[in-house]
Amino acid sequence: MEHAIEADGLVKSYPKGVTALDGLSFAVAPGSVFALLGPNGAGKSTAVKILTTLAKPDSGAARVADIDVIANPDRVRRTIGVVAQGSSVDIQATGRENLRLQGQIYGMRRHALEQRAQDLLERFGLADAADRVARGYSGGMQRRLDIAMALVHDPAVLFLDEPTTGLDPEVRADMWAEIARLATDQGKSVLLTTHYLEEADQLAEWVAIVDRGKVVAQGTPDGLKRELRGDAIHVDLEREYNGTVTRALSDLEAIRDVAVDGRTLRARADDGGRAVPLVLQALESHGVDVSSVRVARPSLDDVYLKYTGRTFDAADHEWDGRRRLTAAP
Amino acid sequence: MTLVRHTLYMTLRHLRELWRQPWFVAVTLVQPVIWLLLFGALFKRVIEIPGFHGRSYIAFLAPGVVVMTAMFSSAWSGMALIEDINRGVTARFLVSPVRREALIAGRILKEAVVVVIQSLIIVALALIVGASFPGGVAGVAALFVISALLGATFGALSNGFGLIMRQEEALIGAVQFIVLPLTFLSATFLAANLIPTWMQHVADFNPVNWAVVAGRSAVSANADWGLIAARAGFLVALLGLSVAFATRAFQSYQRSV
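Chains A and B are the protein sequences, given in the same order. Quick note, this note's numbering runs 716 ahead of the 1-based positions in the first sequence. Quick note, this note's numbering runs 3 ahead of the 1-based positions in the second sequence.
A couple of the hints might just be wrong.
Stretch-level coverage of chain A by chain B, calculated; a stretch enters the list once three of its residues show a Cβ under 8 Å from a Cβ in chain B [to be verified]:
(1) 768-782
(2) 789-799
(3) 816-824
Using C-beta positions, here's what the derived DEER-type ranges look like [as the list claims (entries may be wrong)]:
(4) B/S255 x A/I807: 20 to 30 Å
(5) B/S255 x A/R794: 22 to 32 Å
(6) A/G725 x B/R169: 28 to 38 Å
(7) A/V849 x B/L123: 21 to 31 Å
(8) A/I807 x B/L11: 19 to 29 Å
(9) B/V7 x A/L944: 53 to 63 Å
A short list of chain A residues far from chain B (calculated; beta carbon distances all over 10 Å) [claimed, not checked]:
(10) H719
(11) T735
(12) S803
(13) D806
(14) Q834
(15) R839
(16) A872
(17) D884
(18) A970
Because the hints were derived from the structure by calculation, they are not lab data. Each residue gets a CB set at the ideal place from its N, CA and C atoms; glycine is no exception.
If we strip away everything but chain A, and leave its shape as in the complex, we get (with noise of 0.2 Å):
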């Protein structure tokens, strides 16, 4: 297999002239976790449809462990684990009665069944739970378990369709943690959509960044952060020294960008941690006195901006309210 997951030019638009998707393109290498990064109404949602056979396209081409989603759905339903999002439980049936239906509909052997189920049920911390009606259980059970169905028949290809939405954040890192533990150490591919910039960055190994059905730029997360050209580093002084900062710095070839405000240094290096020990050095023996020095890595808000001009925040809101224009009556 050379690509778990591999989309090729999809577009689709909706009813009423909405473009979902605008010739969306990406490849996910086997056994890796792999980010679509949007914010809402980016199309990523649309994307996972049309993956996972819901949703047909008006063209382009989709593969999932190279079966052809559109001429062969059934076979990819068979390789394929969905997360959706927001929970896809029966709440009137328990956790285990859940998962053994989801198992029947696979065609798994009736004990083989009992024990995968009661295995993810352990897995998922629900093990308690179990014979309870999924009613009661809280939004991170409920969320566990939708996890724990999408895993019954031991599927080579997970969609993970915004896993950690809605949940609380010490939820949201337990989820993190069981979703790392899915590629490393079973080997699963997986495709996550996600419109937290932590989220792709914690957890997959190839961000792709989209932005109006399109994928706009995508790499490893470091990398499209590398991109940015280097760590800002960021020196307070211990009082204004005017030029003499300035001057202290000139000769200095591991940073640019260098801008004094008052008490304030900032530039730019590749390498922001070699080149801090450089920069308190030559500050140094110019007699500037430092309080404080701060390396940031550029974040992938930074990487967002650069390629849409928009920062994340600014697009999600956006999307809210063309929302609220196509909801009004």
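Following the hints, put chain B in place on chain A, whose structure we already have.
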């Protein structure tokens, strides 16, 4: 085979869901009991009207209540489907290899099973309060089959409309709009020759009336099996159309996901 297994899994799921709502079960059982006892007492003396030929009114009413209950309980079937759609359960099934037909068939079959259980209880109760069914076991079995057919038909229609409306409130309105007129435009409470002529003509096209007429004949002393077979045939045909309608509605839902 896969279709049969998947339908069975879904039917069991829906039956278990029902069993988990004891209040709902209680209400669906109390309702026919009230119909039977209350209307039985209220209209006790109508059998003195010549058209009834002096039979016990409870014995006359019981098949009507069986049929009416079959329609009443099945007509709500689409509500649970709307809830499944809203909760993302249906979408979860659609990304699995479950047979699509099973998602509708399981609900229809569940309605049929529920109808048979309700019918058993109503007939037992009627026997306890002194009704007799000269048609015997075969007649009562035929009544059950007919009411199950009607229940399945209304279950399919309810799911079809539920898929089109996607809103619980809208479906409630539609069910209430349809169910009572169908009951009263039939021979459920009164012998056919006692209702106005124009109503009799309307009743000829009313599936509830087909079921009441056929079911009542089946449990009577001289069952008209020709009539019963004809009405059952109509019901089977209508069930086929209703299932086709629900299937089409489901396909259009799938396209809209």
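| How does the Cβ-Cβ distance of A/G725 and B/R169 compare with 28 to 38 Å: does it lie in that range? | At roughly 32 Å between Cβ atoms, B/R169 and A/G725 fall inside 28 to 38 Å, so the hint holds.
| query | Would you say A/A970 is clear of chain B, with no C-beta pair closer than or equal to 10 Å? | reply | holds, 52 Å
| Taking the minimum C-beta separation from A/H719 to chain B, is that value above 10 Å? | Consistent with the label, A/H719 stays out of reach of chain B, its closest Cβ about 20 Å off (over 10 Å).
| task | Over 10 Å to the closest beta carbon of chain B is the bar; see if A/D806 clears it. | result | violated, 5 Å
| task | Confirm or reject the statement that A/R839 sits farther than 10 Å, beta carbon to beta carbon, from all of chain B. | result | holds, 20 Å
| Does A/T735 sit more than 10 Å from chain B, CB to CB? | holds, 18 Å
| Beyond 10 Å from every chain B Cβ - status for A/D884 | Check passes; 20 Å lies beyond 10 Å.
| query | Can we trust that A/Q834 is non-interface, i.e. its beta-carbon lies farther than 10 Å from all of chain B? | reply | holds, 19 Å
| So does A/V849 sit 21 to 31 Å from B/L123, Cβ to Cβ? | holds, 28 Å
| Is the Cβ of A/S803 farther than 10 Å from every Cβ of chain B? | violated, 7 Å
| Within 8 Å of chain B (C-beta), three or more residues of the segment 816-824 of chain A | holds (count 6)
| task | Check whether three or more residues of the segment 789-799 of chain A sit with their beta carbon closer than 8 Å to a beta carbon of chain B. | result | n = 5 at 8 Å, threshold three: holds.
In the structure shown, a violation is registered for the earlier hints numbered 12, 13, in ascending order.
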